[in-house]
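Sequence lines, in order, name chains H and D.
Just so we're aligned, residue 944 is where the first sequence starts under the working numbering, counting upward by one.
Just so we're aligned, residue 2 is where the second sequence starts under the working numbering, counting upward by one.
Derived from the structure by calculation, the hints contain no laboratory data.
Among the clues, some could well be false.
What the hints assert, rightly or not - Calculated pairs, DSS-like style, for lysine-lysine (alpha carbon to alpha carbon, straight line, at most 25 Å):
#  : chain 1 : residue 1 : chain 2 : residue 2
1  : D       : 218       : H       : 1247
2  : H       : 1010      : D       : 74
3  : H       : 1300      : H       : 1169
4  : H       : 1010      : D       : 153
5  : D       : 153       : H       : 1187
6  : H       : 1250      : H       : 1300
7  : H       : 1247      : H       : 1201
8  : D       : 74        : D       : 190
9  : D       : 153       : D       : 74
10 : H       : 1192      : H       : 1169
11 : D       : 190       : H       : 1250
12 : H       : 1010      : H       : 1187
13 : D       : 126       : H       : 1010
14 : H       : 1100      : H       : 1142
15 : H       : 1300      : D       : 149
16 : D       : 190       : D       : 205
Predicted model, so just to flag it, every value in this text is computed and none were measured.
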Amino acid sequence: MTDSTKSGFYEEIGSQQTFLDANELVLNMGPQHPSTHGVLRVILRLDGEKVLGTECVIGYLHRGVEKIAENRTYTMFNPYVDRMDYVAAVSNGLGYCLAVEKLLNIEAPPRAAYIRVILTELNRIASHQLWLGTHALDIGAMTPLFYTFRDREEILKIFEKYCGARLTTHSFRIGGTQYETYEGFEQDVNNFVKFVGPKIGEYEELLTTNRIWVERTRNVGVLGGKDCIDLGVTGPVLRASGVKWDLRKAQPYSMYEKFDFEIPTGENGDTFDRYIVRIAEIRQALRIIDQAVNSIPAGPIMAKVPKVMKPPVGEAYVSIEAPKGELGYFIVSDGSTQPYRVRVRPPSFVNLQALDKMVRGSLVADVVAVIGTLDIVLGEVDR
Amino acid sequence: MADETTPKDQLKPPETKPAAEKPAAAATPAPPASAAAKPAAPAKPVAAAPPAPPKPAGPTPQPWESEMVANFKRRFGSGIREASTYVGQNYMVVDASIVYQVLQVLHDDEGFDYCVDVTAVHYPKRDEQFDLVWILYSFPRNERIRVKTLLKEDAAAPSVSSIWSTANWLEREVFDMFGIRFDGHPDLKRILLPDGWQGHPLRKDYPILQQDTEWVKINLGIESGQ
């Protein structure tokens, strides 16, 4: 393992046997460390400042979500999924509902699908904003945190008005949505789109040409497209490496095929590109919301769903493009009211595996940048 | 089984049956009647009482015909036990002895370059207790398939981490949760639970309240984690 550390831009350091003749140092980072965004523990093997290898120790937040699912009915498990990726709870709910709907062979009515798209995209923006604020804070830029949290608040207000909760919303039900849009929902969303558009420009003004930001992120944590695919990395990290792939386009669900939007990609697959891609994704999400909110069809918001849900015996895998990557649910039904098995394919868990490859040969300070750029949520990693 | 749409009915009383008793291939009427009959159950016990009318036949697996499947059948013969489509999703059931070769061919020749997930399902009453499932996706073909194999309790599965690096952690999780060993895995150890933990929680014979009391006592200094 030690000799495979020669990578990229620190090659000249890697070519020396040991840096300054120091012995290999094992350093523990976390689980309580502000830059790990939760309870992630990373064991670093260092040679001076240079990272020789890492090992992630995870599971501190393991709650056995998949086991809980087997002991709840399909409807009772619905709120639990919000607690996995708690900064993008709406996406979790969408994936779960779509998977159960697939097993039940029903589809949410168009109106519900549109409401789902609007809320999910709002949540994508909220998730990216939270990511940007905390990631920039890790790297030493404090201002973006206040900007992004200020604007994210507007999204949470819409959620609160819609379903009463701000974070773990449980806003979707199997078969559609529980609530009709409130009076003035469209107005609120339209106002938000108008309000937040220029704010994205503000974030960019603070960072995109900021020399410290660029120096700290460019060529840091480089991951090529091939490596991404090999490591199963999805979401903005994959797209920043130049792979133009988004489940909303590749295998559209919940009527995404009706909306016109682009898949932003990067070229170098470094931390800076991932930042650019996520910023561009916020803009695309705004486009989708703008189209959806002004064309919500009339009609019911719930499909005809049996009161006691007993999907026929069988299994299905359904995945969606969550803010962090491919979020999949593999559900096995035995024909009873409780799922026989629910497997969650969490994007954060799989993406975190790429950390080792991304930081080998770089400096300790870059580890913090790379953990940030992967955009992991430990609630989803550990489930 | 009432049929009208009432989204209010989200709060059904929990059915407190232990997971182990769940029928593996339940076509039998499920036991909610007992739960509903409890005096404590507040929400309309009547709803569950009448015997369920014969179910409208759900979708059934259809044979999955494609050039790729034909190729596999020609090459591996009866090792390909089943190739079906269910709710529009294709899957293959493959003998454990050849599953590694099948996966290798899928990766090398058929373009399934992305291993989405590796997971398992436990059926304690079956002779081959575990379903081991690989979910694969192909970027060039924009196609998703599942490969499934059946494993006996003490049998080991081949590790595919040399084919797709992503399988490394996914297999560790399957080992952690089900105790399935993977031959050829570079570092097979627990990933979510602590290293010294006894038992594999996603097995059906592991009730939801069970814990490794000894581990909890030694490491957390408390009598119980409940």
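Taking the numbered hints from earlier one at a time, note which ones the structure violates and give those numbers from smallest to largest.
1, 2, 5, 6, 8, 11, 12 and 15
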